[in-house]
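Enquirer: Each chain is listed here by its residues.
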Amino acid sequence: MSQAGANPAGESPESKGTLRVVQLYPRDMNIYGDWGNALVLQQRLHWHGYTPELLEYNVGDPFPEDVDIIVGGGGQDSGQLVIQDDLQARAATLKDLAEDGAPMLVICGLYQLFGHFFKTRTGAVIPGIGVLDVETHGTDERLIGNVKVATSEFGEVLGYENHSGQTTLGSGVRPLGTVPKGTGNNSSDGHEGARYRNIVASYLHGSLLPKNPAIADFLIRTAAERKFGTFEPGQPDDRFAQLAREHAARRPR
Amino acid sequence: MPLLGYIRTMFYFSVPLGKLVRRASRLRGGGSAFPGLVVEKIDPGFMRRTLSSLPHGVAVVSGTNGKTTTTKMVVELLESQGLKVFTNRTGSNFTRGVAAALLGEVDWRGRLDADVAVLELDEAHAVHFVNSVPPRYCLLLNVLRDQLDRFGEIDKTAQLLQHIAAKTTGTVVLNREDPRVARIADTLTGQDVAYFGLDDSLLDTFPNDDDMRAAPGSPAPAGLPEKPAADVVLRKVGADSADFEYDGGTVTTGMKLRGVYNIFNAAAALTLARSICGGGAATADHATLLEALSQVEPAFGRGESLTVDGQPLDLVLVKNPSGFRLGLKSFPAGGYATMIAINDNYADGRDMSWLWDVEFDSLREGGVDQVTGSRAYDMALRLQYDEVPVGGVETEIAPALAAFIREAQGKPKRIFCTYTAMLAIRRELSKITTVEVVS
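Protein sequence lines, in the order shown, are assigned to chains A and B. With this note's numbering as the guide, the letters of the first sequence map in order to residues 1 to 253. With this note's numbering as the guide, the letters of the second sequence map in order to residues 254 to 692.
Certain hints may be false.
Said to hold, decoys possible - The following label-pair restraints were derived from C-beta to C-beta distances:
| id | chain 1 | residue 1 | chain 2 | residue 2 | range |
| --- | --- | --- | --- | --- | --- |
| 1 | B | T440 | A | E53 | 43 to 51 Å |
| 2 | B | H381 | A | F117 | 31 to 39 Å |
| 3 | B | E618 | A | L81 | 39 to 47 Å |
| 4 | B | D408 | A | S187 | 22 to 30 Å |
| 5 | A | G234 | B | A651 | 37 to 45 Å |
Said to hold, decoys possible - A short list of chain B residues far from chain A (calculated; beta carbon distances all over 12 Å):
| id | residue |
| --- | --- |
| 6 | R302 |
| 7 | Q334 |
| 8 | G507 |
| 9 | S558 |
| 10 | G588 |
| 11 | G663 |
Source of the hints: derived by calculation from the structure; they are not laboratory data. Cβ atoms here follow ideal geometry from the backbone N, Cα and C, with glycine treated the same way.
All chains, please: the whole structure from these sequences, using the hints.
Expert: Printed below as a string of structure tokens:
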């Protein structure tokens, strides 16, 4: 038996330094395996020679200091309501981090709430925190299925979408990519996700990072550069990731 | 022929016609639901007419996990009380499957010789079914993340179950320990409610989706403010026995079923059977009920054990994160060779995100011998991130299974598999061992 790419956990004397990953609202916003993104960052930090520190931030917690990477996931409508006030209270902190170049990955529900607002089907407006120049409108149409995104930064991005909110981008952000397969942000413009500074926002689950290590390594690289000035990559074994990508790309919608 | 007369003739012949289609499609080896579709199209009232004549009415079993085994238990419990039970045994838990199963049981004039119908129904299809055939009883097991690509969100799934309860005319049996199910009681008017419950000491063996990623010690989502009394409570699970409390006493009974979650479903089945038989010690004969319960074998693929090369081979169906975590917890890896088979066909769910909500640490020590299925590499990648050693990865199930059996010779074996992967594995296994044919 071979053990692919695994390094033993824990602090080592050769560590290139500690990077702190904060998972936003894992209790209320983790419905489609978004935990996988946090796990991938934790392990790949190891494999690149850094020491990961994984923290959870839930409603009412004190906000951690010295945050290097932020990840946030999707939730049901009820989860979005639960975190709404707390997220507003943290808006300034998150905005400052974003403007300062902290890398962030926000998926689905938190992608929507990082924008200006989410207007539900019934006309209620859930305010976002305006970190991203995007807005989202609830619809009766559920966009579900495998997605392939063509991006200039990360090559082909593969994942699975499941959302009824449709997001449109303002001029302050650019799309993550275009969708040769699947729907993406909305059913009209063929764009998926949003990019702003070091934030990657996307509707894709799957989880996103395991099969898209280029995005994981982008988050890790920018975090290392922001904190230490340089990034010295390790050599993670991405054979399974590569094969999983090839097979996923061939699966039906 | 005038149109009206034509339609009347079609109605008159719908049952014989459906039976013929059923026979023909069986000869073809085809799908179990197709004849049901034919009758449904020609004669939409067929099911309601046939089922409404039953003296004890219809009981619907729904929820995310455990429907098949629980339905099987309810049927065997009721049969132990001398009732003639109609059920959709094929596991075709869609409305059409029920119509198809009915066609197999009715006589040529459309009459069903049964006292009660116990039907396993998928949540979404149950809603259609209860709109046309309001059940007298329903048993709602749990709401867990499963095939969200079909139902959208877990809260929506809870709404589907609530609709089933609202359409029920007699008794609604609810899982007291699942907040989303227990809360359905608040929305009911007029129905009787009976709960099945779990001893506090067993609660932590049932992680729910809400506290899956919650920090230790953080509060669970609001359940019922005070736990209502349950009709049947599972108090203790032994190696091959279980303690159930009802009518103010606790009894110990032997169990052939394995896995705590199966035995919790036995409490659910007991509660429904007691409701149908009239509850209380006076009406149901508890000695025969418990005897029947102790004899229940696991349903198709739900912890069933086959024999290959003189060694047991367990098939454990996994179709959502809770089920996979419970499977890993209920069937410890020690001493077993392990294979995992993950398909992403429609019936399995296409979204692979759920694999990331299962922790595979328990397999780290022994590793996983073979990984297979259309999403074998997604699974292998998942195991890599949990530092679980992987032997072979092969997307084709037949060669992977052959390699697994060859290399794990002399060891007991266990295969965790999604639904369509299980069908493929059973097909392959039937070439080398006797696999029970489910008709």
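Enquirer: State for each hint whether it applies.
Expert: Structure-based check of each hint:
1. T440/B <-> E53/A: 43 to 51 Å: holds, 45 Å
2. H381/B <-> F117/A: 31 to 39 Å: holds, 36 Å
3. E618/B <-> L81/A: 39 to 47 Å: Given a distance of about 42 Å, which is inside 39 to 47 Å, the answer is holds.
4. D408/B <-> S187/A: 22 to 30 Å: Hint holds: Cβ distance 24 Å, inside 22 to 30 Å.
5. G234/A <-> A651/B: 37 to 45 Å: holds, 38 Å
6. R302: At about 35 Å from chain A, R302/B clears the 12 Å cut-off, so the statement holds.
7. Q334: holds, 41 Å
8. G507: holds, 39 Å
9. S558: holds, 25 Å
10. G588: holds, 16 Å
11. G663: holds, 17 Å
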